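Heads up: the protein sequence lines correspond to chains L and V, in order. Terminal number for the first sequence in my numbering: 114, no gaps in between. Terminal number for the second sequence in my numbering: 401, no gaps in between.
Check the hints yourself; a few may be wrong.
[As the list claims (entries may be wrong)] Not the full set, but computed from the structure, chain V residues with beta-carbon under 10 Å of chain L:
id, residue
1, Ser115
2, Asp303
3, Ala358
4, His364
[Claimed, not checked] Once the Cα atoms are required to be at most 20 Å apart in a straight line, the calculated SDA-like pairs of lysine to any residue come out as:
id, chain 1, residue 1, chain 2, residue 2
5, L, Lys55, V, His354
6, V, Lys235, V, His351
7, L, Lys55, V, His351
[What the hints assert, rightly or not] Covered stretches of chain V (in silico footprint by chain L; criterion: 3 or more residues with CB under 8 Å from a CB of chain L, positions within the stretch not fixed):
id, region
8, 54-68
9, 154-166
What the hints contain is simulated information worked out from the structure, not anything from laboratory work. Note that the structure is a prediction, hence the values are computed from the model and not measured. Each residue gets a CB set at the ideal place from its N, CA and C atoms; glycine is no exception.
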Amino acid sequence: MNEITAPFEGLSLDCRGMKCPRPIIEIARRIGEVSVGTVVELLADDPAAGADLAAWCRMRGQTLLASNPPRFLVRRNF
Amino acid sequence: MADPVSEVFLDSSSGEPMLPDARQAWVDAQQAGWGDPARLHRPGRLAAQAMDQAREVVAAAVGARPDEVIFTASAAHSNHAAVAGLALGRRRTGSLVVTTAIDHSSVLAAAAAAGSHITVEVDHQGHVDLDRWAALVGTAGTAAACIQVANHEVGTLQPYTEAAEACQRAEVPLVLDATAALGRIELADASGWSVLTGWAGAFGGPASVGILVIKKKARWRASYPTDDYQGGRWPGIPDVPAIYAATVALDCWLRAGHAIGHRQHDLIDQLRAGITQRVPDVDVAGDPVRRVPHLLTFSALYVDGETLTLELDKAGFAVASGSACSAASEHPSHVLAAMGALTHGNVRIGLTWTTTPEEINRFLAVLPPIVAEIRVTAGVP
Numbered sequence: 037m038n039e040i041t042a043p044f045e046g047l048s049l050d051c052r053g054m055k056c057p058r059p060i061i062e063i064a065r066r067i068g069e070v071s072v073g074t075v076v077e078l079l080a081d082d083p084a085a086g087a088d089l090a091a092w093c094r095m096r097g098q099t100l101l102a103s104n105p106p107r108f109l110v111r112r113n114f
Numbered sequence: 021m022a023d024p025v026s027e028v029f030l031d032s033s034s035g036e037p038m039l040p041d042a043r044q045a046w047v048d049a050q051q052a053g054w055g056d057p058a059r060l061h062r063p064g065r066l067a068a069q070a071m072d073q074a075r076e077v078v079a080a081a082v083g084a085r086p087d088e089v090i091f092t093a094s095a096a097h098s099n100h101a102a103v104a105g106l107a108l109g110r111r112r113t114g115s116l117v118v119t120t121a122i123d124h125s126s127v128l129a130a131a132a133a134a135g136s137h138i139t140v141e142v143d144h145q146g147h148v149d150l151d152r153w154a155a156l157v158g159t160a161g162t163a164a165a166c167i168q169v170a171n172h173e174v175g176t177l178q179p180y181t182e183a184a185e186a187c188q189r190a191e192v193p194l195v196l197d198a199t200a201a202l203g204r205i206e207l208a209d210a211s212g213w214s215v216l217t218g219w220a221g222a223f224g225g226p227a228s229v230g231i232l233v234i235k236k237k238a239r240w241r242a243s244y245p246t247d248d249y250q251g252g253r254w255p256g257i258p259d260v261p262a263i264y265a266a267t268v269a270l271d272c273w274l275r276a277g278h279a280i281g282h283r284q285h286d287l288i289d290q291l292r293a294g295i296t297q298r299v300p301d302v303d304v305a306g307d308p309v310r311r312v313p314h315l316l317t318f319s320a321l322y323v324d325g326e327t328l329t330l331e332l333d334k335a336g337f338a339v340a341s342g343s344a345c346s347a348a349s350e351h352p353s354h355v356l357a358a359m360g361a362l363t364h365g366n367v368r369i370g371l372t373w374t375t376t377p378e379e380i381n382r383f384l385a386v387l388p389p390i391v392a393e394i395r396v397t398a399g400v401p
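If we strip away everything but chain L, and leave its shape as in the complex, we get:
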């Protein structure tokens, strides 16, 4: 849990407690708020979040930079 105590500089989406696909819908809704090349933090503790975020990045052309549940970092590519 120490990984999420350091505040993230930028858009952070706290989706802990949400069931999939809700966290994936949230990042899809919000990633457009940051500029291309920017990293977004997603906090999600659903057991499917890691697999589904990786699949979403593959399908959407975004990059999953870090996957340390419940913390994930995604870079917006376009």
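Dock chain V against the given chain L, drawing on the hints supplied.
This is chain V only, laid out in the frame that chain L set:
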């Protein structure tokens, strides 16, 4: 208001509806008053004859000897017995069991219970990494390995011949899990395995009959108490009518299954193409070509699998799902996760003996608006 009733059953992966010939055989066998096949009286001798016939059907299907065929109570029982029995027979060699990452959960559980368990990764379509497989089965201390002929969720055929050759080179016994493939593809020439497993429910026989084939030269030992039935390899009086019916179902596939299989293969091709064209943001899993004829799995992005399953049921289609929320499980399908496939919004289709092109066209018509409606309701951008 009438209860929603699924008119079209597309969930043969959880059990093909009983084939009519098998059902008739089951009823006839029960009415014939067959007894304990170990008894010397006439009902006992008739039961023993039926068991002989049943063993011959399975033996011919998998290229084994009739006395190597055993009937258990389920696919899970067969897989447990297969993995645990080889691990026990080889305990002086070691306790490592090698499987793929997408084997059936019963195999993974048995492998973990045997001692140490290593899984070999699969690619995006579900094929095992053969180099890694060969390296791991060649590791000192490997007691046994297990691979599927075809995956039970996505249908992908494993390179099981090559995997078996690697096991033979390493002199490691192999469990070949044929549950999703038996009756669907030709297995009489499959070689290199020590124990083969299957399940009658997968091909339209009674769900209470598992299949376990143990080669005579395999170093397998029962990991549970046994008695005199089935050569001391599976205990208890066998349910002869159910076993007989199971092999009548298998025989139906062996005699007529090629035509059905071709039809199913084409229908899955149509489904695959139709879903990809008509539903945006869908992840269709598995090998599109090298697969069993009857299975297809896909996942719709941003869609909740439970909602999708229930809406399809209302529309008249019974399908399975590997999404956590719809599978009475906290965790999503380990198969989809290992393949890097989307696990939410998942639908698993298993065609049956009687699935028609019209049913598939209807499914392709109802699916896109259902997915679109769920996405709108969820506020998908």
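Okay, which hints does this one fail, numbers in order?
1, 6, 8 and 9
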